[in-house]
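Colleague: What follows is the residue order along each chain.
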Amino acid sequence: MSEQRFNELRGEPVVYAIDRQDRTFLPSAEHCPLCPSPAAPGATATPGTTAAPATTATPGAATTEIPFPAFEIAVFDNLFPAFTSPHGAAEVVVYTDNHHGSFATLPAERAEALMWVWRHRYMELGAREDIGYVLIFENRGVEVGVTLHHPHGQIYGYPFLPPVPALELAADERLGGCAVCVLLARELEDRSRVVYENDGVVAYVPYAARWPYEVHVAMRTHRPSLLDCTSAELRLLAQSLQSVTRGYEALFARQFPYVMVVHQAPTDGRGWGHLHVEFYPPLRTAHKLKYIAGSEQGAGTFIGDILPEDSAQALREAIARAG
Amino acid sequence: MQGMEGKRVQGTEGQRETCGPLDITRHVKNDGRALILYTLRKREKG
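Chains as they are written, first to last, in my numbering: chain V, 7 to 329; chain B, 22 to 67.
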């Protein structure tokens, strides 16, 4: 059970989930809670049917969070939730039963399937009366606070509209329409910060990026959420996200940490949104981090070390190298 | 909290058609938490 308080000076909610203090922290591969469980003789998962409880792991053997000997994509309620029903939700999305690898190294078919999983979770969580905003995200790398290395992401269902999507709605009003549509049009006209594009999606370093290698991946056509996308668009979105993350890995020829966040329309009936995915990578060089320090924390003003046009050029080349 | 009439997203639990190429299997873990397995349906040959 978490507790929500309102920070009057910042004008924003703060959530305390004190049970998370004891969450699993960087376990070894053999103790990974997101890996499949040892198989019971003859036991198999049966896709397409409803079964409960799941008991196909070896009786008496230690089971993980997923008590099956194999799986493709698994979603479950977080054992250490920041939000719980009837005041929100916190879910874990496991991309694969392979402990090693990352979103970038998933087979294309699996990455596309993940888009459908995101879409389904957005639909189900967004339909709940206690959830006003669905946030799908991935923290990649210990530099951004990852506690489990197994390829996975998370979903928070907030019982309120958080400050960042509220700012996006304010930007819509300020720009007299969909802010992402306006900004995307500017990027396509300028082109100096576009790093990747296909028929459905454009990826660019935004004009006023806060992070050195920040990238926004936006749908070309105004789509409020994953629910509004065609099958082809979901495939193109998966392709673009994999191209960007592979480019990140190629940029400094090392594992590249990032926070990846899916921005969509609020589910409380307010505003309309424009589906786009934002990446916030903390690296400013191969071995130096950009810190949220005095100006960023105390004044809310990011000080950049590299111009977005220059980081875009480097990313374009890295994406080309990654193929 | 806003009422359901204000909800932009409507859905019915378990509707397969909302999952595109995926099959869904729902489970309840021993401690009561939900677990959903998503499996890509095998494409028809031919």
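No wet-lab data here; the hints were simulated from the structure. Backbone N, C-alpha and C fix where the C-beta goes; we use that ideal spot for every residue, glycine too. Accuracy of the hints is not assured; some may be wrong.
[To be verified] Part of the chain V face toward chain B, derived, beta carbon under 8 Å:
(1) Gln10
(2) Thr70
(3) Ile72
(4) Ile79
(5) Ala80
(6) Glu115
(7) Ala119
(8) Trp122
(9) Val123
(10) Tyr286
Colleague: Going by Cβ atoms only, is Ile79 of chain V closer than 8 Å to chain B?
Modeller: Holds. Min distance 4 Å.
Colleague: Quick check on Ile72 of chain V please, does its C-beta sit within 8 Å of some C-beta on chain B?
Modeller: With a closest approach of 7 Å, the Ile72 of chain V hint holds.
Colleague: Hey, does the Thr70 of chain V contact hint survive, CB to chain B under 8 Å?
Modeller: 11 Å, violated
Colleague: Have a go at the Gln10 of chain V hint: is there a Cβ in chain B nearer than 8 Å to its own Cβ?
Modeller: 13 Å, violated
Colleague: Return the status of the interface hint for Trp122 of chain V: holds when the least beta-carbon distance to chain B is below 8 Å, violated otherwise.
Modeller: Holds: closest Cβ of chain B sits about 4 Å from Trp122 of chain V, inside 8 Å.
Colleague: Against chain B, with CB atoms and a cut of 8 Å, does the hint on Ala119 of chain V hold up?
Modeller: 5 Å, holds
Colleague: Would the stated hint for Ala80 of chain V survive a check requiring a Cβ distance to chain B of less than 8 Å?
Modeller: 6 Å, holds
Colleague: With 8 Å as the cut and Cβ atoms as the points, is Tyr286 of chain V at the interface with chain B?
Modeller: 26 Å, violated
Colleague: Should the interface hint for Glu115 of chain V be scored as holding, given a Cβ-Cβ cut-off of 8 Å against chain B?
Modeller: Constraint on Glu115 of chain V satisfied, holds at 7 Å.
Colleague: Do the numbers back the hint for Val123 of chain V, that is, is its least Cβ distance to chain B under 8 Å?
Modeller: Holds, because the Cβ-Cβ distance from Val123 of chain V to chain B comes to roughly 5 Å (cut-off 8 Å).
The structure does not agree with the numbered hints 1, 2 and 10 stated previously, though it agrees with the rest.
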